[in-house]
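**Q** Here are the chains, one letter per residue:
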Amino acid sequence: MVKNSEDRVMACIAHVVMIIISVLAIIPFWLLIAASFTDENIVIAKGYNFIPPKLSLAAYSYILSQWMQIIHAYGITITVTAIGTALGILITAMFAFGLLQKDIVGVKVIFLLVLFSMLFNGGIVPTYYIYTNVLHVKNTIFGLILPNLLMNGFNIILVMNYIRHNVPQEIIEAAEMDGFSIFGIFFKIVLPLSTPILATIGLLMGVTYWNDWTNGLYYITDSSLYSVQQLLNEMNNNVQFLASHASTGIVSTNLPANTVRMAIAVVAIIPILCIYPFFQKYFAKGIVMGAVKG
Amino acid sequence: MEKTLMNKKKKINWQKTIPVYILMLPALLYLLFNNYLPMFGIVMAFKRINLSLGILKSPWCGLDNFTFLFSSGNAWIITRNTILYNVAFIILGTALGIAVAILLNEITHKYTSRTYQTLMLLPYLMSWVVVSYIVYAFLNSSTGFIVKSILPALGVEATSDFYQDPTYWPFILIFVNMWKTIGFNTILYLAAVISISPEYYEAAKIDGATKWQQIKYITLPGIKSTAITLFILSVGRIFYSDFGLFYQVPKNSGMLYNVTQTIDTYVYNALMTQNNLGMASAAGFYQSIVGFVLVLFANWVIRKVSPEDALI
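As they're listed, the protein sequences go chains C and E.
For the first sequence, the numbering used here assigns the number 1 to the initial residue and increments by one for each residue that follows.
For the second sequence, the numbering used here assigns the number 1001 to the initial residue and increments by one for each residue that follows.
Simulated from the structure, these hints should not be mistaken for laboratory data.
Don't be surprised by glycine CBs; every beta carbon is placed ideally from N, CA and C.
Hints should not be assumed to be uniformly reliable.
To be verified - Residues on chain C that point at chain E, a partial pick, calculated with CB under 7 Å: (1) Ala14; (2) Val16; (3) Ile20; (4) Ile21; (5) Pro28; (6) Ile91; (7) Met94; (8) Phe95; (9) Gly123; (10) Thr127; (11) Met151; (12) Gly179; (13) Ile185; (14) Ile269; (15) Ile270.
Produce the complete structure using the sequences and hints provided.
**A** Laid out in structure tokens, this is it:
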């Protein structure tokens, strides 16, 4: 493409706008990080600042003293994310492949049921009732894994479309001739050939599980099952939370509350900030696919 | 082919059918418990729920729950808030997303463009709890950056706590939501802009078209179908709000409910903090039914304008 002066002017404007947007996107995180490293007395006098007048690690040394609970919360988050994502991918893929067997009795009706579930839902109250009074997930790890997040119609349709277009029917028929059962075909042929789409929906599901705090809000009151996000949510209301649930039982009177508040948020976002650049490309791709149904 | 059809009419081939159902079984159970049982559960809105009796045995109470909800005035406030915020989000989100995507497409250097995308998508990756901490760092009355640094620098006396004063919250919530979703909207429209064939632009340049003319006559028409589809989809969702935005960012502050309460936060508060099952299920029923009608309507419109994007 030939570049003329108009192109250059346009590119220049584009760069200026993009730099402004990028700065706006990241600068709040800087405030969060800077605030967490500021001396507590300075914060009380002058408020949070982008450039701390006096640095301090007091907030982090406090958090370090409560490391057991933070590691525990990370353990819950990682467990829930891993189990939820793996289970979700598996049942979504099995369902999608089953729904493609159109000659089996009832499959078409089931597909209509999936579509209907995307148009209409009973809402929070009956869902809450079913999960607490029928399935009894309250204060169990299932309360974090099962409600709402495990499987959805959009992912099912994405996987169905992918299998339909990318897994050659001839291979499946040949495998059938060779005496493969439908399970053999699914696990040995369909699953390996669908890894790109499964990785995409898995990434989106993983981020959703990692960031979820609503299931904790509804179904978990036992603090030993708090995920990182729920711990963060709890400390939003009560910054003393860590201390009051520590095994020592001593509530620190000189807790640097204002900076601890920011430091705990930093501790929660650092792992994401570290690995995000590596999966950004796939994340963006997944968003586009998910939004306009593949 | 004919033979299998004949077979199907006569008897079901169980050897083929059962394994397929075994594959689908976990998902079917999930669909039943997560989606279909709650659908029947919406009858709760017409009952006086007694948890010790269960849904089925609890006595019917007609429209009592709804009378209560609509006569309190809350129904009007939460409906107004939900719809007006969504209208603002749809208009601004679409306009900003398209504008930024078109500009981003002008940056031909791949690596630079990728870097901008990475940075602007970062807020979208954060949970609403984290966003609530960030907003707090700016707005809280004792240590917030805006209250302690910006307002004094401008010579403005901060008279009241942001978390107690509803005046600015419509702007704050709209700003925060745009901040969080601009990367998302941009990436959606960028995908549409990129898919336009470069040949159109080459031809336009040879004919001496200006940049603005190229945008107006090639780019905008090229992304029209994506924009319309996304627009209609969000109209279908206009009765639903992002619970995290309206619950976390104003920190569920009661003083702000008049301008921050949406149907979703109202149902949560009625159910979890007031333990008012009747009120919560009535509001939930109202949202489900009106929401359903709107989704069907949106889907009907999509089928008219771009049939391949329609759900049914």
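**Q** Hint by hint, say whether it matches the structure.
**A** Results for each hint:
Interface restraint check for Ala14/C: the shortest CB-CB distance to chain E comes to about 4 Å, inside 7 Å, so the restraint holds. The closest approach between the C-beta of Val16/C and any C-beta of chain E is roughly 9 Å, which is over the 7 Å cut-off, so the hint fails. For Ile20/C, the interface hint is violated, since its Cβ never comes within 7 Å of a Cβ in chain E; the closest pair sits about 10 Å apart. Taking 7 Å as the C-beta contact cut-off toward chain E, the hint placing Ile21/C at the interface holds, the least distance being around 5 Å.
Taking 7 Å as the C-beta contact cut-off toward chain E, the hint placing Pro28/C at the interface holds, the least distance being around 4 Å. Because the beta carbon of Ile91/C sits about 4 Å from the nearest beta carbon in chain E, less than 7 Å, this interface hint is met. A distance limit of 7 Å between C-beta atoms decides the matter here; for Met94/C the minimum to chain E is near 5 Å, and the interface restraint holds. Checking Phe95/C against chain E by beta carbon gives a least distance of about 3 Å; that is within 7 Å, so the hint holds.
The interface hint given for Gly123/C is met, as the beta carbon of that residue sits about 4 Å from the closest beta carbon of chain E, less than 7 Å. Contact between Thr127/C and chain E, as hinted, is supported at the beta carbon level, the nearest pair being about 4 Å apart and thus within 7 Å. The beta carbon of Met151/C is positioned within 7 Å of a beta carbon in chain E (closest approach about 5 Å), and the interface hint is therefore held. With a cut of 7 Å, the hint placing Gly179/C at the interface with chain E is violated, because the nearest CB-to-CB distance is about 13 Å.
Given the 7 Å rule on beta carbons, the hint for Ile185/C is violated: about 10 Å separates it from the nearest Cβ of chain E. At its closest, the beta carbon of Ile269/C sits 6 Å from a beta carbon of chain E; the interface hint therefore holds under the 7 Å criterion. The beta carbon of Ile270/C is not positioned within 7 Å of any beta carbon in chain E (closest approach about 11 Å), and the interface hint is therefore violated.
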